[in-house]
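Engineer: Chains as they are written, first to last, in our numbering: chain A, 325 to 401; chain B, 11 to 361; chain C, 570 to 1010.
Hints may be right or wrong, so weigh each one.
[Stated by the list, open to error] The calculated DSSO-like cross-link candidates involving lysine-lysine, where the alpha carbons are at most 27 Å apart (straight line), are:
1. A:K347 to B:K136
2. C:K843 to B:K194
3. C:K571 to C:K741
4. B:K207 to C:K762
[Said to hold, decoys possible] Pair ranges (Cβ atoms, derived):
5. A:G333 to C:G689: 28 to 36 Å
6. B:E115 to C:G689: 35 to 43 Å
7. C:T844 to B:G27: 35 to 43 Å
Calculated from the structure, these hints are not laboratory results.
The C-beta atom is built at its ideal place from N, Cα and C for all residues, glycine as well.
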Amino acid sequence: MVKEIEKAGITIVQMANLIPVAKSVGANRMVPTISIPYPLGDPNTSLDEQWKLRYKRVGWALDALTTEIEDQTLFEG
Amino acid sequence: MKKGILYLNQFFGQIGGEDKADFAPIIKDGVVGAGMILNSILDTAEISHTIICGDNFMGSNEDEAVDKILKYLEDKEFDIFFAGPAFQAGRYGNACGVICKAIKEKFDVPVISSMHIENPGVEMFKKDVYIFQGGDSAAKMKNDMTEMAEFGNKLLKGEVLKTAEEEGYYVRGIRREIYRADSKPANVRAIEMLLKKINGEDFVSELPIPELRRVEIAAPIKNLSEAKIAIVTTGGIVPVDNPDRIQSASATRWGRYSIVGMDRLANRESEAFKTIHAGYDPAAADADPNVCVPLDALRQYEKDGKIGSIHEYFYTTVGTGTTEAEAARMSKEMVELLIEDKVDGVILTST
Amino acid sequence: MKLEINNFPVSEVIFGEKFSYENGILTINKEEALKVVLEDEHITDADIVIAKPGDSTRIVPVKEAIEPRFRVNNGATFPGVTGKIERVGNGKTVALKNCSVLAVGKHWGSFGDGLIDMSGEGAKATLFGDLINICLVADTDEEFERHEQQKKNKALRWAAHRLAEYLGSVVKDLESVDKEVFELEPISKRNKKLNDLPGVVYVMQPQSQMEELGYNDLVYGWDTNRMLPTLMHPNEILDGSIISGSFMPCSSKWSTYDFQNCPTIKSLYGEHGKTINFLGVIMSNLNVALEQKERAAMGVQQIATTLGADAAILAEEGYGNPDADFIACFAALEEAGVKTIGMTNECTGRDGQSQPLVALDQKADAIVSCGNVSKLIELPPMETVIGELESLARDGLSGGWAHDEILGSSVKEDGSIIMENNSMFCGDRVLGWSTKQMKEF
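Take these sequences, add in the hints, and give me the full structure.
Structural biologist: Shown next, in the form of structure tokens:
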């Protein structure tokens, strides 16, 4: 999916927990998330903590979209 | 009788040697040169025409050569297409691959070639063309032509095909399960492989790890504060009634749903959004779909002025068990709309 | 630790007055057997139906399969499930062979449930087409999950375990001529001849991905989601310490029957002292977060190297994101110099062209590959259905569907079906039975 969208020239960042999988399927810009069932907010933490985590990582993703890269790159803030 | 077409280069098409490598494609009735061998073994079809093209012509004027050849064939009826054998000749291998691929796409007939393992055409085209493991020089002409013809017979007779290895063509990346003829169970195979690996002997993995396929990196977004960003997810977040009936595994359908006027995605309990993805525990995403489609965070960045705007829809499907071919098709369908709506960047969340 | 399994072949299962085993014939007093099932008040309705190989019978939704067994004088056959926690793998266990107890939903299926045909092409696709199946067909009052795609199926699964233990008890006082003995010397007490052979561990990755308890495989009744890799004696696996869960797409699933008879463990025993020194089983897990996957791979690597393993066989119960656990563990073992063989199935799609595992690594250079979960299977109607055929289409089974533009519903009006291998009951047999192999076409 990420490849087809990128192939069309649309800048794309994949937010995924399984970075090895994202790499295997050919994602170029990647941001790690915290798990598979809840990528951006651990339900065992407070809503405020979940929000902060989500806001922060989406921010990384937006930064990734504006960054020039030469190889598959992980963005972790 | 069914009909077949054969492609040869200038040399095997008896036009001339290296000096004729710029020869533009022609079509001739019947067989030429080594085509005789093919025709004599092919008992399910006859070679009605031969196409001959110079290797350099195909190399340097690929579009023109392909167009010409496709035009020659537009009014011909044929059931199968052969090219080569190309042995170890790199330019000839490339030409066979290019034309076979084009013929298959346009006419949807089986395409068969033969090349030596070191011919670069093998790596370039083995996924698109049945390429037989051929010899390194024309001394193997009879053998290679025979393999192509015999396989052509099988295809045209509709026989059940054996594995790539048994048939003799290079693997195409199409993997299917078989019941082993010897019924040797997996535990016995594992122990045999284990002992060989321990002893440093050769063994054959049943799953050779394929090399990664990459795409060109898209340019970064220059002016994010004016950019339109879309969210795409493979986490199966949908309106609670799943109006497009997206499957919870092995999806062939996708949907896009309006998020206009929403600060965040409301949850399953409030009858708004839920996940239908069967590959993970749905509890968290049902309780708060924003953990998967982070609309709330993205809205804040919109308010902050960090991004220009959020695309009025989010796009969604289910990633688990979905084939690459289906994922590619669905992505292409999404891409059309994303381009139409002038989306500059995509955040893809996966689970 | 020495385990002696006394095998009693079953050639026929019938109902009768007296619960007995004689000349290969197992006679079940249905009323008495159902009493064992109905000990749990959550079972609201139950019946026992026999399905034999060759019958024109289709069984669906199947949730679990268990070999009838009884631990003679040693407490629960399935510790932590049918009784108290006591160590198994030592002493004498009796087993009724050639048959299994199946937990079958009377109506309702769930994602991880499967289908078994007792004859025809479909019977080849699962081990259980070749066994006499004692089907516990039941309904429960578990309303909270009645219409959920994911079900714990607890009442039905536990009832099937009780029934399997009860049926096994029929031979508890008999001696069998067919005895299997499994004995491994303690690792530090082995003789020079053994110690000079290459040390091999078997690494199992059972299904443990649901963070909510109740869906995963259990080890001594403990949810595998809550455990880190640990060393186990192979006899414990063969003797009921593990029961199967209720989550994984079914062809990838390891039923309790599969654990009890694990062919790879038996093969490793067969080579022990001849070509290898079998060190034991590293019981690992499958996870839903990268950090958890990395932690588990590291743990397996640590145990393997601490034991001095030279080689390993690694098997995963699943596909999709569990492939990332499998590949991470494979790479970790290879990096530590442990020569590893992987056993798995693939998901190459209905067209066979998808990436076979979602994560790949060139270090995973030796794999035995047992099937394609997404293969389409079409099967003709069967005369008899045990359970409810419609569940395949209606209830979100991983390989069934209610609606498809081209293929229609999985269940046709005439009773024929079209499904993905995904819902073939334990069809890919990664624990070693699989005679299937993935090939390039």
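Engineer: Can you let me know if the beta-carbon spacing of T844 of chain C and G27 of chain B is within 35 to 43 Å?
Structural biologist: 59 Å, violated
Engineer: Is 35 to 43 Å right for how far apart the beta carbons of E115 of chain B and G689 of chain C are?
Structural biologist: With a Cβ separation near 39 Å, E115 of chain B and G689 of chain C satisfy 35 to 43 Å, so the hint holds.
Engineer: Below or equal to 27 Å on CA atoms is what counts here, so check K571 of chain C against K741 of chain C.
Structural biologist: Cα-Cα ~18 Å, so holds.
Engineer: Need the status of pair K843 of chain C, K194 of chain B: alpha-carbon distance at most 27 Å?
Structural biologist: Holds, at roughly 21 Å.
Engineer: Is the distance from the Cβ of G333 of chain A to the Cβ of G689 of chain C consistent with 28 to 36 Å?
Structural biologist: Given about 51 Å between the Cβ atoms, the range is violated.
Engineer: Given the hint that K207 of chain B pairs with K762 of chain C, test it: the Cα-Cα distance must not exceed 27 Å.
Structural biologist: Holds: K207 of chain B and K762 of chain C sit about 21 Å apart, inside 27 Å.
Engineer: Has the given pair, K347 of chain A with K136 of chain B, been kept, meaning a C-alpha gap of at most 27 Å?
Structural biologist: 24 Å, holds
Of the hints listed earlier, those the structure fails to meet are numbers 5 and 7, in rising order.
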